[in-house]
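Chemist: Below are the chains, spelled out letter by letter.
2 protein chains.
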Amino acid sequence: MDADQYVVVDVDEAEHERFLASQVALTDAARQLVDATIRTQVGAEELDAVRGELDALVARLRTSQLPGSYGVSLTSGGTFRNYGNAVVGKRNAVAPPLEVERDPAGRAWSHFALGAAYEGPPGLVHGGVTALILDQIAGEAAAAGGTPGMTGQLNLRYERPTPLGPLSVEAWVDRREGYKTWVKGEMRDAEGQATVTCEGLFILPRWARELVDEETKARYQRTGAGDAPGTPGD
Amino acid sequence: MDADQYVVVDVDEAEHERFLASQVALTDAARQLVDATIRTQVGAEELDAVRGELDALVARLRTSQLPGSYGVSLTSGGTFRNYGNAVVGKRNAVAPPLEVERDPAGRAWSHFALGAAYEGPPGLVHGGVTALILDQIAGEAAAAGGTPGMTGQLNLRYERPTPLGPLSVEAWVDRREGYKTWVKGEMRDAEGQATVTCEGLFILPRWARELVDEETKARYQRTGAGDAPGTPGD
Numbered sequence: 064m065d066a067d068q069y070v071v072v073d074v075d076e077a078e079h080e081r082f083l084a085s086q087v088a089l090t091d092a093a094r095q096l097v098d099a100t101i102r103t104q105v106g107a108e109e110l111d112a113v114r115g116e117l118d119a120l121v122a123r124l125r126t127s128q129l130p131g132s133y134g135v136s137l138t139s140g141g142t143f144r145n146y147g148n149a150v151v152g153k154r155n156a157v158a159p160p161l162e163v164e165r166d167p168a169g170r171a172w173s174h175f176a177l178g179a180a181y182e183g184p185p186g187l188v189h190g191g192v193t194a195l196i197l198d199q200i201a202g203e204a205a206a207a208g209g210t211p212g213m214t215g216q217l218n219l220r221y222e223r224p225t226p227l228g229p230l231s232v233e234a235w236v237d238r239r240e241g242y243k244t245w246v247k248g249e250m251r252d253a254e255g256q257a258t259v260t261c262e263g264l265f266i267l268p269r270w271a272r273e274l275v276d277e278e279t280k281a282r283y284q285r286t287g288a289g290d291a292p293g294t295p296g297d
Numbered sequence: 064m065d066a067d068q069y070v071v072v073d074v075d076e077a078e079h080e081r082f083l084a085s086q087v088a089l090t091d092a093a094r095q096l097v098d099a100t101i102r103t104q105v106g107a108e109e110l111d112a113v114r115g116e117l118d119a120l121v122a123r124l125r126t127s128q129l130p131g132s133y134g135v136s137l138t139s140g141g142t143f144r145n146y147g148n149a150v151v152g153k154r155n156a157v158a159p160p161l162e163v164e165r166d167p168a169g170r171a172w173s174h175f176a177l178g179a180a181y182e183g184p185p186g187l188v189h190g191g192v193t194a195l196i197l198d199q200i201a202g203e204a205a206a207a208g209g210t211p212g213m214t215g216q217l218n219l220r221y222e223r224p225t226p227l228g229p230l231s232v233e234a235w236v237d238r239r240e241g242y243k244t245w246v247k248g249e250m251r252d253a254e255g256q257a258t259v260t261c262e263g264l265f266i267l268p269r270w271a272r273e274l275v276d277e278e279t280k281a282r283y284q285r286t287g288a289g290d291a292p293g294t295p296g297d
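In the order they appear, the protein sequences are chains A and B. Offset between the first sequence (1-based) and my numbering: plus 63. Offset between the second sequence (1-based) and my numbering: plus 63.
Hints may be right or wrong, so weigh each one.
Identical chains share a label here; the pair holds if one copy fits it or two copies do between them.
[To be verified] Listed below are the simulated DMTMM-like cross-link pairs for lysine to aspartate or glutamate, each with C-alpha atoms no more than 25 Å apart in a straight line:
hint	residue 1	residue 2
1	K247	E233
2	K153	E164
3	K153	E109
4	K153	D118
5	K247	E109
6	K243	E233
7	K247	E222
8	K280	E222
9	K153	E80
No lab work stands behind these hints: they were computed from the structure.
With the hints as extra help, turn the sequences into a complete structure.
Modeler: What follows is the structure, given as structure tokens:
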């Protein structure tokens, strides 16, 4: 990852917002399609007919498209966009997507629901999907506390099965040292019981250390979440 | 997870295969839609028009559908189907899907490619997506070796960034004790360099211990992969 992979798109903010609403609505429809594709019991002829029309829709969307993945962009108005992200991306139908709340004390959390597309054992969330979501939330907690980083380690303990349906997740900065931030987190079922707990280590990459200001640098050196009130990460 | 969540569907195998080809083709088209939805740059009017037609296709698929998630089914002919699985499910557009090869010595591996839908940092695979895939492959290695289990722990170390594009993953049974199987695994980039390594602990749930035969029980008690030639798990 290099800094030049951040594309600055110079578009009018209002026009951007108009596009965004349509993009988000299309992505929500794509999530419905993913769910329906897993659960449908219609016959082969109808499946083939639907697929033919779907192929045509995909071709229309591809008449103008980015050459590669979405990346992370920053509009001229300063809006940070990671809409392609596999967990929180508004334009990524693989993402549930999670709407994440953040506290500058170094805490992030989300309430969400997972359906058929996230299944592992029958009726249960795939163990790897809980890992995917905890990685994202733990990284957001580190960033919210003003000490962002890339995942260095992630250790997960599966306490009990995670049922499909309404869930919540929360993570908080446990301690800091150098450019390292340790974060703890939990996935919880609808009753609030922890199903999976984790500890993650997030490290600011070397190339990024030269880009941060002195105040941010100092924040990494303090130990313990309580000593580092921090500022919002994004 | 209870045993009765495994639905035995009594369908003719040939008819099933005819349906499967159409279901798989539709799911592949849905994956294309997910990718195109992230990358498209067509205008708002066209996005809205495509969404309207997509909603109609979803409604056609939902005229007959399973009441909940796919689960895991077993046909009358003995075919094991986990087509809804978030990593390997042939009918799940969230899944890449991985085609997994297995060795009864307790090893599983796969070659695959990840596109825009699996992005975290710009151009890179989301760290949680590597965890998702490693969890699945490690579980399959345990099962391939004849000692299946549910994930109890998963510890991941991120050695270097994982680029989007062609990748491979491999996992192998490291040791066994009681109903526990420890598995090690690696995600590798196109050059074969390990990007993420893991160790997972897989535990046979209590309810399942009464269902396994004496030969399988004995397999769990042996220590070390070399002492347990095992049999294919699924």
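Chemist: For each hint given before, does the structure comply? Return the numbers of the non-compliant ones in rising order.
Modeler: 5
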